[in-house]
Every structure is written in C-alpha cells, then in structure tokens.
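The listed protein sequences correspond, in order, to chains A and B. Following my numbering, the numbering of the first sequence begins with 199 at its first residue and continues without gaps. Following my numbering, the numbering of the second sequence begins with 208 at its first residue and continues without gaps.
If you're looking for bench data, these hints aren't it; they were derived computationally from the structure. Accuracy of the hints is not assured; some may be wrong.
Covered stretches of chain B (chain A as the covering partner; in silico rule of three or more C-beta atoms under 8 Å from a C-beta of chain A) [to be verified]: (1) 347-357; (2) 362-372; (3) 398-407.
Backbone N, C-alpha and C fix where the C-beta goes; we use that ideal spot for every residue, glycine too.
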Amino acid sequence: MGDCLQVRDLSVRFGTNTVLAHLSFTVPAGSALAIIGPNGAGKTVLFRALIGATPYEGSVHWAERTRIGYVPQKLDIERDLPITGDDLVRAKAAVTGATAQEAAKALELARVEKDVSRWPIGALSGGQFQRLLVATALVGRPTVLLLDEPTAGVDEPGQERLNQTIDRLRTELGLTVLLISHDLSVVYRYASRVLCLARSEVCIGPPKEVLTPAILQELYGAPVSYHVHDEH
Amino acid sequence: MTSIDVGALVLFLATGVAAGLVGCFALMRRMTLAADALSHVALPGIGLAIVLRINPLLGGVAMLLLGALLVWGLERKTRIATETVIGVVFSTALAAGSMLTSGEQLIEALFGGAGRTSAIEVAVGLAVAACVVTFLLRERHRLVLAIVSPDIARTSGIDVSRLDLRFLLVFGLTIALGLRYLGVLLTGSLAIIPAATAKRLAGNLHAMLLVAVTVAVVTAGVGSSIAAVLHREPGPIVVLCAAACFFASLLVPRRV
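Use the sequences and the hints to build the structure in full.
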C-alpha cells in the first residue's frame with residue numbers, strides 16, 4: 199500500500215510567531231501515526247493545517263479519494279444546546295450522502311448506546327461524547343481518522359475502552375489513523391509510528407525505536423516515564 | 208379589516224416563521240449580540256432613503272446586507288475583537304441614523320408601526336420569507352455541523368466561511384422583513400426571544416425549530432390583534448408577548 203499522506207516542508211506562522219517549522223513526513227495507508235509533544239508544540243495546529251483550516255507554507259498531499267473523519271479536541275458545548283447525538287449523526291449523514299442505516303451502523307461501531315444518542319450532546323459524559331464524536335467521524339465512510347486527544351476528559355476505564363475501540367476500527371475498517379496523544383503508554387501500545395513534535399520534527403519512526411530517554415528528554419525538557427505493554 | 212390589512216398580517220406571520228427559524232441558528236451560533244446590533248445598522252439606511260426620497264425599507268435592506276458582510280468579515284478575526292468592534296460600529300450606526308431621521312419617522316423606524324402595506328410589498332416580503340425558510344430548512348444539517356465544530360464541518364466538505372456569509376445575509380433579510388412592524392430596536396427580538404424560549408423547552412433540533420416558529424407566529428398574531436384592539440403600535444406588544452412566553456418557559460423544569 200502507498201502513502202495516504204505526504205507532508206513536505208510544512209510551516210505555519212501566526213503573525214511573527216512560527217508555530218510549525220519545516221515539517222516533512224509521510225503516513226502509509228492503514229498505519230497508525232501518533233503525534234506527541236509538549237503543550238504548545240503545534241500538534242492541533244498541524245491537524246488544522248492538514249484539513250485546510252489554517253493557512254500554511256509547504257505542501258500537504260492526501261492520496262486520491264481520501265475521506266477524512268475528524269474528532270476535534272474537547273469542544274465547548276453549552277449544556278442545554280438542543281442538538282442530540284442523533285441530530286449530529288443525521289446531519290453528518292445528510293451532508294456526506296450517507297444513508298440512515300450507515301449512520302446507525304456508525305453509532306454501533308463506536309459503541310454509542312441507543313438511548314444515549316437521543317440525549318442533548320451537552321448533557322453527555324466525557325466518554326459518551328467522545329464516542330459520539332468518533333461515531334460522527336465514521337459516518338460517510340472515511341478512509342482516515344484524525345483524532346485530537348480523543349480521551350481527554352474521559353475517566354481511566356473509559357480511556358482504555360475508547361483506545362481499544364479506535365484500534366479495533368482501524369483494523370476492521372482498514373483505516374489510517376492519526377492520533378494526538380499525551381499518553382506515551384497508549385502511543386507505545388497502539389501506534390505503528392510516532393511523530394515527536396516541538397514546533398519542528400524531533401523524531402519519527404516506530405515507538406520502540408524512537409522513544410528513547412534522550413529523545414523524550416529533548417522533547418519535554420525533563421525525564422519522562424511510562425509503562426510499556428509488551429502484549430502488542 | 209381591509210384586504211391590505213390581511214396582507215400585512217399574513218406577511219407579519221410569515222416573518223414570524225422566518226424569524227423563529229433563523230433565531231434558533233443565531234442563538235446556537237452564540238451570535239445574539241451581533242444579531243441585535245446588526246438590526247441597528249438599518250437605521251442610517253432608512254434615514255438616507257428618507258433624505259433621498261426613496262422607500263425607507265430599501266435603504267434599511269441595503270444597510271442590513273452591508274452590515275451582514277461587516278459581521279462576516281469581523282467574525283473571521285478573533286471573537287473578542289468582533290464584539291468590541293460590533294459594539295462601536297453599530298452604536299455609531301444608530302447615532303448616525305438618528306441624525307438623519309427625526310420626529311415620528313424616527314420613532315417608527317426605531318419601534319415599527321402598523322402603516323399600510325402595498326400589495327407589491329406583501330408579495331416581495333412573502334417571497335423573501337419563503338427564500339429564508341427554504342434556505343434554513345435545506346441547510347440545517349450543514350449549519351448544525353458548523354455550530355458543533357467548524358472543523359468537523361470542514362472535513363465533511365462544507366465551505367464554512369461561505370456558509371457563514373450566506374447565513375448572515377439570510378439573517379439580515381429576516382431583520383429587514385421585521386423592520387416595518389418592529390423597527391430597528393425590536394426586530395431582533397422576534398428572532399431571539401422565541402428561539403431562547405424554544406431552547407429551554409426543546410430536547411432536540413426539530414422540536415426547537417417547531418417551538419420557536421410556533422412562539423414567533425403566535426406572538427406576532429396575538430400581539431398584532433391586541434395592538435389593533437388597544438389602538439397601539441404592534442411592535443412593543445408583540446415583543447412583550449414573546450417575552451411573556453420566555454418567562455413562562457422558565458417555570459418549566461430544565462431537561463438537563
């Protein structure tokens with residue numbers, strides 16, 4: 199399989215502030231790329247450049263017929279906003295030309311319970327809402343999932359279940375996954391490659407090879423410890 | 208009631224349908240401040256039209272569409288700056304407009320009136336209301352995605368900036384529809400108060416749209432009738448009826 203995404207010499211500037219500088223990497227189709235880095239490293243800005251939401255220099259080339267499912271970072275939703283999970287998924291289906299059956303299937307794949315999708319989205323728990331966002335991303339038969347800290351604001355057992363769901367979806371649906379995460383254990387366990395970011399590229403490669411204590415020290419400016427799960 | 212009065216009432220009710228729908232999306236987009244301020248920009252247009260001896264509504268519509276373009280341009284910058292500039296620019300518009308109009312004309316421009324409506328005005332108004340309603344019902348799914356997350360909307364193939372512009376122009380047109388009856392100060396409330404009532408009562412999008420339209424149409428109809436009986440201008444009474452619905456909705460326990 200070829201590359202799903204080719205990024206060459208990507209830079210993003212906000213006024214005189216350079217947020218990303220000369221970033222180049224590729225993402226093979228069907229792989230899982232984790233993007234890690236300290237706060238302010240430009241991870242979300244990278245995602246927004248990849249989807250064309252922010253101006254950039256350099257080139258971003260998605261493979262032909264790429265369809266992106268996007269799970270944004272924690273959204274600021276009013277608690278009493280009268281939009282339900284069903285409204286959201288139905289809206290995505292209508293816009294992408296998906297059928298009602300496909301929308302229902304997406305809810306099922308992301309393990310969103312039926313009564314939960316009838317609630318206003320502002321009333322959902324962190325885990326329920328993130329699952330709904332994953333379901334919404336799955337509507338319209340995406341070939342790539344972009345997930346920006348999908349487990350932020352989710353309790354620990356919920357995080358584990360959500361990470362497993364994302365990994366299962368990647369395998370079952372043959373998706374390419376780009377995942378921003380702060381949890382190095384998750385990166386080690388679920389990502390085939392990792393991109394370490396601190397405004398410019400610090401490293402890219404399989405986690406076992408590139409996540410060395412020296413690289414992590416360079417990336418975060420302090421020693422970092424994490425659990426390595428050997429079963430993967 | 209003469210046939211012209213019936214036409215005016217039908218147009219006002221159609222305005223209620225458009226305002227109820229557009230208000231829901233404006234409220235969910237958290238642009239109630241911009242919505243209210245935008246209506247003020249019609250005043251200098253009305254004033255200029257009076258000076259130039261053309262139909263005041265045409266001046267109001269032209270300025271509203273310009274105002275919509277201005278809000279769109281500002282919304283592409285940061286939100287805080289938008290609110291600040293809106294506060295400055297639109298208050299200035301209100302001040303400039305009040306310099307161009309005076310006396311009864313100013314009061315009618317500010318609070319609306321029950322003046323006679325020509326058959327052409329009714330026909331054009333109904334056509335505009337139909338366009339607004341059609342746009343909102345057709346684009347509701349795109350608007351919902353953009354409200355929840357512009358980035359989800361973008362990756363779903365939506366040109367968010369263009370959708371914003373179209374929505375603001377439609378909002379401007381809806382405000383223009385209400386100008387004759389509610390004036391530049393009150394017309395925004397026919398969009399916002401029914402939507403705020405519906406937001407409290409509804410549990411999903413379609414229920415919100417339905418409740419908002421019902422509240423807007425019923426308050427427009429009931430308010431106009433009370434105004435006719437009391438020989439008062441309809442604008443303030445319609446807004447008071449809508450406000451009564453909102454305060455009554457506060458008595459209903461919250462859903463979440």
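Legend entry - Enumerated hints in conflict with the structure, sorted upward: none
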